[in-house]
Amino acid sequence: KQEVTQIPAALSVPEGENLVLNCSFTDSAIYNLQWFRQDPGKGLTSLLLIQSSQREQTSGRLNASLDKSSGRSTLYIAASQPGDSATYLCAVCSTYSTLTFGKGTMLLVSP
Amino acid sequence: DGGITQSPKYLFRKEGQNVTLSCEQNLNHDAMYWYRQDPGQGLRLIYYSQIVNDFQKGDIAEGYSVSREKKESFPLTVTSAQKNPTAFYLCASSIAPGVVEAFFGQGTRLTVV
Numbered sequence: 002k003q004e005v006t007q008i009p010a011a012l013s014v015p016e017g018e019n020l021v022l023n024c025s026f027t028d029s030a031i032y033n034l035q036w037f038r039q040d041p042g043k044g045l046t047s048l049l050l051i052q053s054s055q056r057e058q059t060s061g062r063l064n065a066s067l068d069k070s071s072g073r074s075t076l077y078i079a080a081s082q083p084g085d086s087a088t089y090l091c092a093v094c095s096t097y098s099t100l101t102f103g104k105g106t107m108l109l110v111s112p
Numbered sequence: 532d533g534g535i536t537q538s539p540k541y542l543f544r545k546e547g548q549n550v551t552l553s554c555e556q557n558l559n560h561d562a563m564y565w566y567r568q569d570p571g572q573g574l575r576l577i578y579y580s581q582i583v584n585d586f587q588k589g590d591i592a593e594g595y596s597v598s599r600e601k602k603e604s605f606p607l608t609v610t611s612a613q614k615n616p617t618a619f620y621l622c623a624s625s626i627a628p629g630v631v632e633a634f635f636g637q638g639t640r641l642t643v644v
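Chains as they are written, first to last, in my numbering: chain B, 2 to 112; chain D, 532 to 644.
Just chain B, same shape as in the assembly (with noise of 0.2 Å):
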């Protein structure tokens, strides 16, 4: 059974610093590997979509990438701003086509 475990639990930053977020995943026989935003209360945001066959993705500041054969995905987020504060989930789809959640990652930055 896919396990998908995110790296750290919660991370707090002063803003403009640069930070990685951390994904693994047990079983690399995945179709893709898609990250999104969370905010209090709220639904799930798609922040990049990285096919099997993809290395990496980029959108804005936001830069995610994908070592299938490890089981291992990061997201980059430059130059952080308070505004990014929010949970940030991994997830991947494999069996069934259906997606598998990590725990996600509660970033807080700060002015």
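Rather than coming from a laboratory, the hints here were simulated on the basis of the structure. Hints are not guaranteed to be accurate.
As the list claims (entries may be wrong) - Quick list of in silico lysine-lysine cross-link-like pairs, DSSO-like style, CA-CA up to 27 Å:
1. B/69 x B/2
2. B/43 x D/588
3. D/602 x B/104
4. D/614 x B/2
5. D/602 x D/545
6. D/614 x B/69
7. B/2 x D/545
8. D/588 x B/104
9. B/2 x B/104
10. D/588 x D/540
11. B/104 x D/601
12. D/545 x B/69
13. D/614 x D/588
14. D/601 x B/69
15. B/69 x D/602
16. D/601 x B/2
Claimed, not checked - Interface residues of chain B toward chain D, partial, derived using beta-carbon atoms under 8 Å:
17. 35
18. 41
19. 43
20. 50
21. 53
22. 87
23. 99
24. 102
25. 104
26. 105
27. 107
28. 109
For each residue, glycine too, the CB sits at the ideal point set by N, CA and C.
We have chain B already, so just place chain D on it with the hints.
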């Protein structure tokens, strides 16, 4: 605007009652999903549907039921058999199962009173 609409945003249920959560999408997506989110835990899959009139159990289907009579609608019923229904429920859809990104609604918070 295109998107996924969940209603209501907040729902209160008395013990022993069944309640139905609504999920509607106008994205013309084939696949729809229901997830449950509890504090400190990741999202867990309840049910999913890859096509109209077909649905499959997820990891925690006990105490829940669904229907998929129309492409745009995937309601979730939380039955009295669900022992601990208080949670945040999220509906999602994708254009095709597993191929492209999934989009989520804003969620329904269910509380048992």
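Evaluation of the provided hints:
{"no.": "1", "hint": "B/69 x B/2", "in the structure": "16 Å, holds"}
{"no.": "2", "hint": "B/43 x D/588", "in the structure": "25 Å, holds"}
{"no.": "3", "hint": "D/602 x B/104", "in the structure": "30 Å, violated"}
{"no.": "4", "hint": "D/614 x B/2", "in the structure": "25 Å, holds"}
{"no.": "5", "hint": "D/602 x D/545", "in the structure": "31 Å, violated"}
{"no.": "6", "hint": "D/614 x B/69", "in the structure": "38 Å, violated"}
{"no.": "7", "hint": "B/2 x D/545", "in the structure": "35 Å, violated"}
{"no.": "8", "hint": "D/588 x B/104", "in the structure": "21 Å, holds"}
{"no.": "9", "hint": "B/2 x B/104", "in the structure": "16 Å, holds"}
{"no.": "10", "hint": "D/588 x D/540", "in the structure": "24 Å, holds"}
{"no.": "11", "hint": "B/104 x D/601", "in the structure": "32 Å, violated"}
{"no.": "12", "hint": "D/545 x B/69", "in the structure": "46 Å, violated"}
{"no.": "13", "hint": "D/614 x D/588", "in the structure": "17 Å, holds"}
{"no.": "14", "hint": "D/601 x B/69", "in the structure": "37 Å, violated"}
{"no.": "15", "hint": "B/69 x D/602", "in the structure": "33 Å, violated"}
{"no.": "16", "hint": "D/601 x B/2", "in the structure": "31 Å, violated"}
{"no.": "17", "hint": "35", "in the structure": "6 Å, holds"}
{"no.": "18", "hint": "41", "in the structure": "11 Å, violated"}
{"no.": "19", "hint": "43", "in the structure": "6 Å, holds"}
{"no.": "20", "hint": "50", "in the structure": "4 Å, holds"}
{"no.": "21", "hint": "53", "in the structure": "10 Å, violated"}
{"no.": "22", "hint": "87", "in the structure": "14 Å, violated"}
{"no.": "23", "hint": "99", "in the structure": "5 Å, holds"}
{"no.": "24", "hint": "102", "in the structure": "4 Å, holds"}
{"no.": "25", "hint": "104", "in the structure": "5 Å, holds"}
{"no.": "26", "hint": "105", "in the structure": "7 Å, holds"}
{"no.": "27", "hint": "107", "in the structure": "10 Å, violated"}
{"no.": "28", "hint": "109", "in the structure": "17 Å, violated"}
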